[in-house]
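Residue numbers (the numbering used here), protein chains in the order written: chain Y, 1 to 130; chain Z, 1 to 102; chain L, 1 to 136.
Honestly, the hints are just simulated from the structure, not real lab data. What you are looking at is a predicted structure, and each value in this text was computed from that prediction instead of being measured. Yeah, the Cβ is synthetic: ideal placement off N, Cα and C, and Gly gets one too. Among the hints, erroneous ones may be present.
Here are the computed distance ranges between Cβ atoms for each label pair [what the hints assert, rightly or not]:
hint	chain 1	residue 1	chain 2	residue 2	range
1	Z	M1	Y	A100	45 to 55 Å
2	Z	K42	L	D104	44 to 54 Å
3	Z	D13	L	D121	19 to 29 Å
In the EDC-like style, the derived pairs of lysine to aspartate or glutamate whose C-alpha atoms are separated by at most 16 Å in a straight line are [what the hints assert, rightly or not]:
hint	chain 1	residue 1	chain 2	residue 2
4	L	K7	Y	D130
5	L	K124	Z	D56
6	L	K7	Z	D96
7	L	K125	Z	D96
8	L	K53	L	E99
9	L	K7	Y	D123
Not close to chain Z: a few residues of chain L, all C-beta gaps over 12 Å, as computed [stated by the list, open to error]:
hint	residue
10	L9
11	Y21
12	I31
13	A33
14	G54
15	V60
16	D76
17	G91
18	D95
19	D96
20	D108
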Amino acid sequence: MKLAIVVNEGPYTHQASDTALHFTRAALEAGHEIERVFFYHDGVNNATRLTVPPQDDRNLQKEWTELGTTHGLDMVVCIAAAQRRGILDANEAKRQGKDADNIAEGFRISGLGQLIDAGIQADRLVTFGD
Amino acid sequence: MSTLHTVNKSPFDRPSLTSCLNHLMPGDAVLLIEDGVIAARKGSAFSSPLEAAMKDCSVYVLSPDSSARGIGDGDMVSGIETVDYGGFVDLVVKHDRTQSWL
Amino acid sequence: MSEDAKKFLYVNRKAPYGTIYALESLEVVLIGAAFEQEVTLAFLDDGVYQLAKGQETAGVGMKNFSPTYRALGDYDVNKFYVERESLEERGLTEDDLQEITYEDEDDDWAEKPSIRVVNRDEMKKIMSEQDVILSF
Numbered sequence: 001m002k003l004a005i006v007v008n009e010g011p012y013t014h015q016a017s018d019t020a021l022h023f024t025r026a027a028l029e030a031g032h033e034i035e036r037v038f039f040y041h042d043g044v045n046n047a048t049r050l051t052v053p054p055q056d057d058r059n060l061q062k063e064w065t066e067l068g069t070t071h072g073l074d075m076v077v078c079i080a081a082a083q084r085r086g087i088l089d090a091n092e093a094k095r096q097g098k099d100a101d102n103i104a105e106g107f108r109i110s111g112l113g114q115l116i117d118a119g120i121q122a123d124r125l126v127t128f129g130d
Numbered sequence: 001m002s003t004l005h006t007v008n009k010s011p012f013d014r015p016s017l018t019s020c021l022n023h024l025m026p027g028d029a030v031l032l033i034e035d036g037v038i039a040a041r042k043g044s045a046f047s048s049p050l051e052a053a054m055k056d057c058s059v060y061v062l063s064p065d066s067s068a069r070g071i072g073d074g075d076m077v078s079g080i081e082t083v084d085y086g087g088f089v090d091l092v093v094k095h096d097r098t099q100s101w102l
Numbered sequence: 001m002s003e004d005a006k007k008f009l010y011v012n013r014k015a016p017y018g019t020i021y022a023l024e025s026l027e028v029v030l031i032g033a034a035f036e037q038e039v040t041l042a043f044l045d046d047g048v049y050q051l052a053k054g055q056e057t058a059g060v061g062m063k064n065f066s067p068t069y070r071a072l073g074d075y076d077v078n079k080f081y082v083e084r085e086s087l088e089e090r091g092l093t094e095d096d097l098q099e100i101t102y103e104d105e106d107d108d109w110a111e112k113p114s115i116r117v118v119n120r121d122e123m124k125k126i127m128s129e130q131d132v133i134l135s136f
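Using the sequences plus the hints, can you model the full thing?
This is the structure we're talking about:
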């Protein structure tokens, strides 16, 4: 079955990103297809490569990147939500005149249409949030 | 046709569980995750509403979340079933849609 | 609307301004309107406050986005279900909500109300008829 995952909160403050990560792994292990993982609201903060959690803690961005690149997941960060919160890729940084970008490997920035499209294409959509 | 409802907040923090239980259709399932598992503790103020819901719906708890909060399987309202993340995925697949009560 | 359109339900349960969910939900509705799916909006719990009339936001320094709901009719988004019990619990009635209308193309463009106040049993039935539920 094709599943779409929506992550609406950033790492660490809320458990949403952890739960979504465990769920996505379990879905892949069960042989399901992940249509897309869409990061919205503060969920876009999962995509910054600049986090440095303590060594004895989990690194959620790295775990998403590893899961995404290993399985070829389409991990989309909402552009409007990302711009509000300072998550930029190289193109956006240039376009907005910012001196740096911070998006991590495995994520891409795109529009909200990708969320609707995921709902249309997938057999199920599951939201993780606050 | 049935719905899987997920509740991730303690019922002592927000009305999400109460609101969810108020909108169940017979045959639906409720999965308590994250702080939502706090409702599952037997003897709590939410035991009765959960027992009432279980007359025509199923109630599940995500066991990694209950374990993390020191709630053992024997501590829960009778009739609640536990699932792991794989079981969570199975519930999503089994029901026609998932509604998250955020 | 295409024949294989899916039924999308946007569930709004949070008041505006205290958190960003109401505003960013509205942004999804606006983008989603272009996809020609069957769109329904549900307002329950504190979400009923999103439609409250008389929102004055100058004092909190935020943009008042409540007029945007009135524009949704132009995008064929005209099913706003508001839960009666949620209104009553909060001391509100339908008169406390802003007037939102759309022009019905199947009825000689007659102006009709987009807001329909429904009771809890009707709301749960509406929820149970959807293909995709987006919760905010």
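* Starting from K7(L), check that the Cα of D96(Z) is at most 16 Å away, please. => holds, 12 Å
* Restraint status (C-alpha distance of K53(L) to E99(L) at most 16 Å) -> holds, 8 Å
* **Pair hint outcome, K7(L) versus D130(Y) [Cα-Cα no greater than 16 Å]** => Distance ~24 Å between K7(L) and D130(Y) Cα, so the pair is violated.
* Would Y21(L) pass as off the interface with chain Z, using Cβ distances and a cut of 12 Å? -> Its Cβ does come within 12 Å of chain Z, the nearest being 8 Å, so this is violated.
* **Interface exclusion of D96(L) relative to chain Z, criterion Cβ beyond 12 Å** => Holds, because the least Cβ-Cβ distance between D96(L) and chain Z comes to about 20 Å, which exceeds 12 Å.
* **Supplied distance hint 44 to 54 Å, evaluated on CB atoms of K42(Z) and D104(L)** => holds, 53 Å
* Asked: Holds or violated: K7(L) with D123(Y), Cα cutoff 16 Å?
  -> Holds, at about 13 Å.
* **Cβ separation check - V60(L) to all of chain Z, threshold 12 Å** => holds, 23 Å
* Asked: Does 45 to 55 Å hold as the CB distance between M1(Z) and A100(Y), or does it fail?
  -> holds, 49 Å
* D108(L) remote from chain Z - nearest C-beta pair above 12 Å -> holds, 36 Å
* Would you check whether the claim that D95(L) is not at the interface survives, using Cβ distances to chain Z and the 12 Å cut-off? => holds, 24 Å
* Taking 16 Å as the top limit, are the C-alpha atoms of K124(L) and D56(Z) close enough? -> Satisfied, since the Cα-Cα distance of roughly 15 Å is no more than 16 Å.
Violation of the numbered hints given earlier is confined to hints 4, 10 and 11; the remaining hints are satisfied by the structure.
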